[in-house]
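K.L.:
Quick note on the numbering used here: the sequence shown kicks off at 1 and runs consecutively.
Note that these hints are calculated values from the structure, not bench results. Just so we're clear, the structure is a prediction, and the values are computed from it rather than from any experiment. C-beta atoms are modelled at their ideal positions from N, C-alpha and C, and glycine is treated no differently. Be a bit skeptical, because a hint or two may be false.
Stated by the list, open to error - No farther apart than 30 Å at their CA atoms in a straight line, the calculated lysine-lysine pairs in the DSSO-like style are these:
id	residue 1	residue 2
1	K82	K60
2	K205	K8
3	K3	K57
4	K82	K136
5	K60	K97
6	K97	K205
7	K61	K76
8	K57	K122
9	K79	K57
10	K76	K57
11	K3	K61
12	K61	K79
13	K79	K115
14	K79	K60
15	K82	K57
16	K57	K97
17	K82	K115
18	K97	K76
19	K115	K136
20	K205	K61
21	K122	K79
22	K3	K60
23	K122	K61
24	K60	K122
25	K97	K82
26	K57	K205
27	K122	K76
28	K82	K61
29	K3	K97
30	K76	K60
31	K61	K97
Said to hold, decoys possible - Pairwise CB distance ranges (calculated):
id	residue 1	residue 2	range
32	H75	P165	49 to 55 Å
33	Q67	D166	51 to 57 Å
34	L93	D189	34 to 40 Å
35	K82	K61	19 to 25 Å
36	K60	D32	22 to 28 Å
37	D189	T10	27 to 33 Å
38	T209	R118	40 to 46 Å
39	N35	T209	28 to 34 Å
40	P165	P119	41 to 47 Å
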Amino acid sequence: WEKANGRKMTSPELANLERGCIGVSVVNIEGDYPNPPLALSFATFEQSLQVRNAILKLLKKNPTRQQFLMAVSEHKDLKNLKNVADAIYGLDLREVKPVIFSQRFFMGGNNGGEKMYRPNPKTGQIDMGAYQYEAKPKYVNFDFGWWDERTNNWWHANHMEYSDPDQAAEDPMYVYQSTLDHYSRRLLDFDNQVFSVTFGARSPKELSTGEIDGNAGDSNTPVTVINNGSDTQFNNGSNVPFNNNGSNADTEIINDHHRIERGENGHEHHHHGFRYRVGGAFRHFFGR
Numbered sequence: 001w002e003k004a005n006g007r008k009m010t011s012p013e014l015a016n017l018e019r020g021c022i023g024v025s026v027v028n029i030e031g032d033y034p035n036p037p038l039a040l041s042f043a044t045f046e047q048s049l050q051v052r053n054a055i056l057k058l059l060k061k062n063p064t065r066q067q068f069l070m071a072v073s074e075h076k077d078l079k080n081l082k083n084v085a086d087a088i089y090g091l092d093l094r095e096v097k098p099v100i101f102s103q104r105f106f107m108g109g110n111n112g113g114e115k116m117y118r119p120n121p122k123t124g125q126i127d128m129g130a131y132q133y134e135a136k137p138k139y140v141n142f143d144f145g146w147w148d149e150r151t152n153n154w155w156h157a158n159h160m161e162y163s164d165p166d167q168a169a170e171d172p173m174y175v176y177q178s179t180l181d182h183y184s185r186r187l188l189d190f191d192n193q194v195f196s197v198t199f200g201a202r203s204p205k206e207l208s209t210g211e212i213d214g215n216a217g218d219s220n221t222p223v224t225v226i227n228n229g230s231d232t233q234f235n236n237g238s239n240v241p242f243n244n245n246g247s248n249a250d251t252e253i254i255n256d257h258h259r260i261e262r263g264e265n266g267h268e269h270h271h272h273g274f275r276y277r278v279g280g281a282f283r284h285f286f287g288r
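Required output: the full structure, derived from the provided sequences and hints.
P.N.:
Written out as structure tokens, the structure is:
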């Protein structure tokens, strides 16, 4: 992350990262949001990607806010969406780009029930206005995943970094890089999943050139993902936010890990990864 953004994480960003899966998405959005915005949420990744690509094409033309909203109202994939104006409220469109994250959650309790989260039959959009972040009793309340376009993988975490040192040592926070299938695997905690489009900060390079990186769906060039021989997919090292390629003196690989997680179906999931130190603090990374 620091290499891609050309700067160190700030103390608030590190504090957000330590919130766990939700923090991973918040830090990558780089906006003034306490939680990832859910205004443009969809039932499938394909629907969210279609919307993201359409918005990306519009923003590549560097429109004003008025020009952008006019183009949205005329675009076949965007004109029937709700909340677009709200999603860009207060933003400078020259400084942002459309990005995707996912949220897995429980629909019951004070969240309103299944009827509140039925997708629009035309657009696939799901109204998340009733959502209260309530958990299924005795289960985890949500799991956020950040889509990394460069690797076509999803970044998420097992839980927050606990403030109590003993608890943190016994049950540390792990950051995962997963395929969509693994990230979306069946878990008893959740009964729904949305894929949301929001507006994240452009990189320093994008700001300096005025050009937004990213495939807007008009190229057949596939995303390169290097497989390590198992069902775990890693990228080539240069794009991994925390790596040991010598380019970041503040990042040090401490030791490799192998961990086994037993799923509800009795199958074992083997996770390979490493523990690393960033600026004196220990962090963990596992590919899944």
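K.L.:
Decide, hint by hint, whether the structure agrees.
P.N.:
Okay, the hints, checked on the actual structure:
1. K82 <-> K60: holds (22 Å)
2. K205 <-> K8: holds (16 Å)
3. K3 <-> K57: holds (26 Å)
4. K82 <-> K136: This hinted pair holds, its Cα atoms lying about 28 Å apart.
5. K60 <-> K97: holds (9 Å)
6. K97 <-> K205: holds (13 Å)
7. K61 <-> K76: Satisfied, since the Cα-Cα distance of roughly 18 Å is no more than 30 Å.
8. K57 <-> K122: holds (21 Å)
9. K79 <-> K57: holds (15 Å)
10. K76 <-> K57: Measuring from Cα to Cα gives roughly 13 Å; hence the hint holds.
11. K3 <-> K61: Holds, at about 27 Å.
12. K61 <-> K79: Roughly 18 Å separates the two Cα atoms, so the pair holds.
13. K79 <-> K115: holds (24 Å)
14. K79 <-> K60: Roughly 18 Å separates the two Cα atoms, so the pair holds.
15. K82 <-> K57: Between K82 and K57 the Cα gap is close to 19 Å, so the pair holds against 30 Å.
16. K57 <-> K97: holds (10 Å)
17. K82 <-> K115: holds (18 Å)
18. K97 <-> K76: Distance ~20 Å between K97 and K76 Cα, so the pair holds.
19. K115 <-> K136: holds (17 Å)
20. K205 <-> K61: Status holds; Cα separation ~17 Å.
21. K122 <-> K79: holds (11 Å)
22. K3 <-> K60: holds (24 Å)
23. K122 <-> K61: Roughly 27 Å between the alpha carbons, so the hint for K122 and K61 holds.
24. K60 <-> K122: Answer holds: K60 to K122 is near 26 Å, not above 30 Å.
25. K97 <-> K82: Holds, at about 19 Å.
26. K57 <-> K205: holds (18 Å)
27. K122 <-> K76: holds (11 Å)
28. K82 <-> K61: Satisfied, since the Cα-Cα distance of roughly 22 Å is no more than 30 Å.
29. K3 <-> K97: holds (19 Å)
30. K76 <-> K60: Holds, at about 18 Å.
31. K61 <-> K97: Satisfied, since the Cα-Cα distance of roughly 12 Å is no more than 30 Å.
32. H75 <-> P165: 49 to 55 Å: For H75 and P165 the Cβ distance comes to about 52 Å; the hint holds.
33. Q67 <-> D166: 51 to 57 Å: holds (56 Å)
34. L93 <-> D189: 34 to 40 Å: About 37 Å separates the Cβ atoms of L93 and D189, which means 34 to 40 Å holds.
35. K82 <-> K61: 19 to 25 Å: Given range 19 to 25 Å: holds, Cβ gap about 23 Å.
36. K60 <-> D32: 22 to 28 Å: holds (24 Å)
37. D189 <-> T10: 27 to 33 Å: holds (31 Å)
38. T209 <-> R118: 40 to 46 Å: Cβ of T209 to Cβ of R118: about 42 Å, so the range 40 to 46 Å holds.
39. N35 <-> T209: 28 to 34 Å: holds (31 Å)
40. P165 <-> P119: 41 to 47 Å: With a Cβ separation near 44 Å, P165 and P119 satisfy 41 to 47 Å, so the hint holds.
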